[in-house]
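Participant: Sequence:
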Amino acid sequence: MRVSRRFEAALVSACALLALNACAVMDHSDTAAAALDKNASWTVLPIANRTETPQAGLRASAIAQSLLASHGMQLTRYPDTGDEETLFDTAKPDANARALAWARSQNVRYALTGAVTEWRYKVGVDGEPAVGLTFDVVDVASGKVVWSAAGSRTGWSRDALSGVAQKLEKSLLGALTK
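According to the working numbering, the sequence shown is numbered sequentially starting from 1.
Just so you know, these hints were derived from the structure itself, not from any lab. Careful, some of the hints might be misleading.
With a straight-line Cα cutoff of 30 Å, these simulated DSSO-like cross-link-like pairs (lysine-lysine) come out [said to hold, decoys possible]: (1) Lys122 x Lys167; (2) Lys122 x Lys92; (3) Lys144 x Lys167; (4) Lys178 x Lys167; (5) Lys170 x Lys144; (6) Lys38 x Lys122; (7) Lys38 x Lys167; (8) Lys178 x Lys92; (9) Lys38 x Lys144; (10) Lys38 x Lys170; (11) Lys122 x Lys144; (12) Lys170 x Lys122; (13) Lys38 x Lys178.
Here are the in silico distance ranges between beta carbons for each label pair [as the list claims (entries may be wrong)]: (14) Asp37 x Gly124: 41 to 51 Å; (15) Thr76 x Pro54: 25 to 35 Å; (16) Met26 x Ser66: 17 to 27 Å; (17) Gln74 x Gly124: 35 to 45 Å; (18) Val125 x Thr76: 43 to 53 Å; (19) Gly174 x Gln74: 13 to 23 Å; (20) Ala62 x Val123: 22 to 32 Å; (21) Asn39 x Ser66: 14 to 24 Å; (22) Val146 x Ser171: 13 to 23 Å; (23) Gly127 x Gln74: 34 to 44 Å; (24) Asp126 x Arg77: 30 to 40 Å; (25) Arg104 x Ser157: 37 to 47 Å; (26) Ser157 x Ala34: 29 to 39 Å; (27) Thr76 x Glu52: 43 to 53 Å.
We put the beta carbon where it would ideally sit given N, CA and C, even for glycine.
Could you put the whole structure together from the sequences, leaning on the hints where they help?
Facilitator: Shown next as structure tokens:
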């Protein structure tokens, strides 16, 4: 039985799309994002590092801040805490409360925070980069979470971990910047 070239091309394209789609998983609340004031003042508060990779939270927050600023959002920069030189994030129970209090003192409307759940190169021959993130937007005045997103993404063996993270963050935060 002879298969047409057009059918072969369509089949190969469909398989490629399925393979690429399997590399990313994302969930976010689009309807809540539409209600947020894009012209309000925003900040990126510390992002928790729930991985074994040193400073993954700092890296994720730097990418998030850059992405939000590049879309014209008015950002107030969270001050350096002096803990940036420590390799691993230690548990600080009052860190979130202090960060939120700082945001209130700056009259910031929304704060982006979250956690890094995976930030590594997978073990094996290919050493694929893998990133997992959660984000929350907090209404600073009330302290309530008004938007959230979670996602993970892997790349190819030659991809940079930071590039995979940037693609994931751009996808997750895209609803906020529309």
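Participant: With reference to the structure, classify each hint as holding or not holding.
Facilitator: Results for each hint:
no.: 1; hint: Lys122 x Lys167; verdict: holds, 18 Å
no.: 2; hint: Lys122 x Lys92; verdict: holds, 29 Å
no.: 3; hint: Lys144 x Lys167; verdict: holds, 27 Å
no.: 4; hint: Lys178 x Lys167; verdict: holds, 16 Å
no.: 5; hint: Lys170 x Lys144; verdict: holds, 23 Å
no.: 6; hint: Lys38 x Lys122; verdict: violated, 37 Å
no.: 7; hint: Lys38 x Lys167; verdict: holds, 21 Å
no.: 8; hint: Lys178 x Lys92; verdict: violated, 34 Å
no.: 9; hint: Lys38 x Lys144; verdict: holds, 18 Å
no.: 10; hint: Lys38 x Lys170; verdict: holds, 16 Å
no.: 11; hint: Lys122 x Lys144; verdict: violated, 35 Å
no.: 12; hint: Lys170 x Lys122; verdict: holds, 22 Å
no.: 13; hint: Lys38 x Lys178; verdict: holds, 8 Å
no.: 14; hint: Asp37 x Gly124: 41 to 51 Å; verdict: holds, 45 Å
no.: 15; hint: Thr76 x Pro54: 25 to 35 Å; verdict: holds, 27 Å
no.: 16; hint: Met26 x Ser66: 17 to 27 Å; verdict: holds, 19 Å
no.: 17; hint: Gln74 x Gly124: 35 to 45 Å; verdict: holds, 43 Å
no.: 18; hint: Val125 x Thr76: 43 to 53 Å; verdict: holds, 45 Å
no.: 19; hint: Gly174 x Gln74: 13 to 23 Å; verdict: holds, 18 Å
no.: 20; hint: Ala62 x Val123: 22 to 32 Å; verdict: holds, 26 Å
no.: 21; hint: Asn39 x Ser66: 14 to 24 Å; verdict: holds, 19 Å
no.: 22; hint: Val146 x Ser171: 13 to 23 Å; verdict: holds, 20 Å
no.: 23; hint: Gly127 x Gln74: 34 to 44 Å; verdict: holds, 39 Å
no.: 24; hint: Asp126 x Arg77: 30 to 40 Å; verdict: holds, 37 Å
no.: 25; hint: Arg104 x Ser157: 37 to 47 Å; verdict: holds, 45 Å
no.: 26; hint: Ser157 x Ala34: 29 to 39 Å; verdict: holds, 38 Å
no.: 27; hint: Thr76 x Glu52: 43 to 53 Å; verdict: violated, 31 Å
Consistency with the previously given hints fails for numbers 6, 8, 11 and 27, ordered from lowest to highest.
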